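2 protein chains.
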Amino acid sequence: MKILVTGAAGFIGSNLVDALLLENHTVVGIDNLSTGRPEFLNLASKHPNFDFKQLDILNRAALSEVLDSSFDCVCHLAANADVRRGIEAPFRDLEQNTIATWNVLEAMRDSGVKHIVFTSTGSVYGEAEVIPTPENAPFPVQTSLYGASKLACEALISAYCEGYNMRGTVYRFVSFVGDRYTHGHIYDFVRQLLRSPDELRILGDGSQRKSYIHVSDGVAAIAAVLRHPSPKKYEVFNLGTSEYVTVNDSIAEICAEMGVCPERLYSGGSRGWVGDNPFIYLDCSRIRQHLDHIWAPKIGILDGVRMTVRYLLTNKHLFDAAGSVQ
Amino acid sequence: MKILVTGAAGFIGSNLVDALLLENHTVVGIDNLSTGRPEFLNLASKHPNFDFKQLDILNRAALSEVLDSSFDCVCHLAANADVRRGIEAPFRDLEQNTIATWNVLEAMRDSGVKHIVFTSTGSVYGEAEVIPTPENAPFPVQTSLYGASKLACEALISAYCEGYNMRGTVYRFVSFVGDRYTHGHIYDFVRQLLRSPDELRILGDGSQRKSYIHVSDGVAAIAAVLRHPSPKKYEVFNLGTSEYVTVNDSIAEICAEMGVCPERLYSGGSRGWVGDNPFIYLDCSRIRQHLDHIWAPKIGILDGVRMTVRYLLTNKHLFDAAGSVQ
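These protein sequences, in sequence, are chains A and B. Residue 290 in the numbering used here sits at position 290 of the first sequence; the count goes up by one each step and never skips. Residue 310 in the numbering used here sits at position 310 of the second sequence; the count goes up by one each step and never skips.
Hints are computed from structural coordinates only; laboratory data are not their basis. Keep in mind that this is a model prediction, so the values were computed, not measured. Among the hints, a few may not be true.
The list treats identical chains as one, so a pair stands whether inside a single copy or across any two.
[Stated by the list, open to error] Restricting the straight-line Cα-Cα distance to at most 20 Å, the calculated cross-link-like pairs of lysine to aspartate or glutamate (EDC-like) are:
id: 1; residue 1: K232; residue 2: E129
id: 2; residue 1: K114; residue 2: E88
id: 3; residue 1: K2; residue 2: E65
id: 4; residue 1: K316; residue 2: E253
Bound-form chain A, shown alone:
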């Protein structure tokens, strides 16, 4: 297949590009490089079936120049992924997620590309009433602008599938960890501990439960579904593992890997930031059944945390740039 990947220089995007190239797809990656990193595509760039264009998907003319009818699929990963800063800059979620996704859909409609793969988030379940949360959970109430903007994307995609006879495959993710991880609590904690190994500031009380999936498992699932598509025109898959840990469990793993034993300074009560959800834990039986005997997550959560810490410690230049909070 010939596949366009948006957000190709990002954490998940670049891993997906590598996975797709390994399966002999032809891949064009695009990224505005606002948070993506060109070096994440170093491996891909050596591959004859890969091409990269720097462009912003908010620029529809530029997007339409790249996307022509020779593509079989668009994997749309470009997004504002900073869940926590939503309330400081609400337009960012609306523009970079919702309006950008609309742009991608319009460019696909113009060029006749029929299949979109979209990376949504478990945040769309808000404060889920059912845990683990299945795809057909009760109609959710959004608690973050990030979740709201991603839900709006999902809604647009499903309406386009219905209205323009397109196909949509939507993944609602738990958080990803692994190589090229540059954003989130492990990054924040490792950065803090590199600066001051005796003290760790933690938003929330550490009891927040979180479920993570290793990026290699996540992109393998997406690649497998491309080989074994759903018979449905519009399909939603939760994507995560059947495990969860607390932030404190994760901290213990990080500290052990770094060989430090900091004083833990908690703040902010039982949840870290407005709109944070104390527990995103997804029922992933739908994708497990769909990919029965083909795919299952291979890396456990704490192994994933440890591998991520090692990755960060061997790529300390990632801490030189601004971009993460906490």
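Got chain A; can you put chain B on it based on the hints?
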């Protein structure tokens, strides 16, 4: 209370303005008059507690000039309501519904106005699996750009309520009928029959089931909830009646009222247009319980259809303007 009503010159907006003035609220109505009609505000304009400003809510500066901290509430009704033309002009739904609602929320945040009342739609349930459909139905799949854009609005509103400590009251409507109705199947059928009483073209096979509520009942519910608010920061109410009819039932009523007996020409299969839903029928027990002994719909569906036909026949100038399809 001092209330801003957007879309004030529209069908539902102008009826809501009249109902709020009757309850001694101070009302400022705004409308860009793209589809709203100034004459719908003739009654309101005689009231000392009413003021009207023509402005487009996509113009945030103009909106922010009107909306100051003296307002208690914004009833946000302005929208692109043409469900059927979504696939012809998808940006209209995104811009006039989603981006416009974001503008209203930002203007409220700037001015410190804390309560938004929003008119959503039963279309957000897509092809509902549970009928009658309750507010906490399974996570829906959008089948129209209109529904998608309204779901995006709901998501934004709930995220703003969580992030900025605002209050939101969202109504998911069935279709409204009654005085000032200018848009929808009764309008289309009456217009056709005035031109050619012997023939009626019908999208779909006429068996589509529909539930309507009379606009006087609908706006009375909204006004009653303003007097008796939900204790929840963010509340969603379905708003409809416990009845439904088929399009054919409705046609029979229209024809009887007009004294015509046309040949019926059906086209388009079992549903009228791409994205049409064969049956939007809402479980309205939540609002009935909330307003127990205070409010219940008074006008049955076919009575509502007949009253709407009479209204249109005594206001034939409404057919002079373009704007409706079918």
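| Which of the listed hints are not met by the structure? | none
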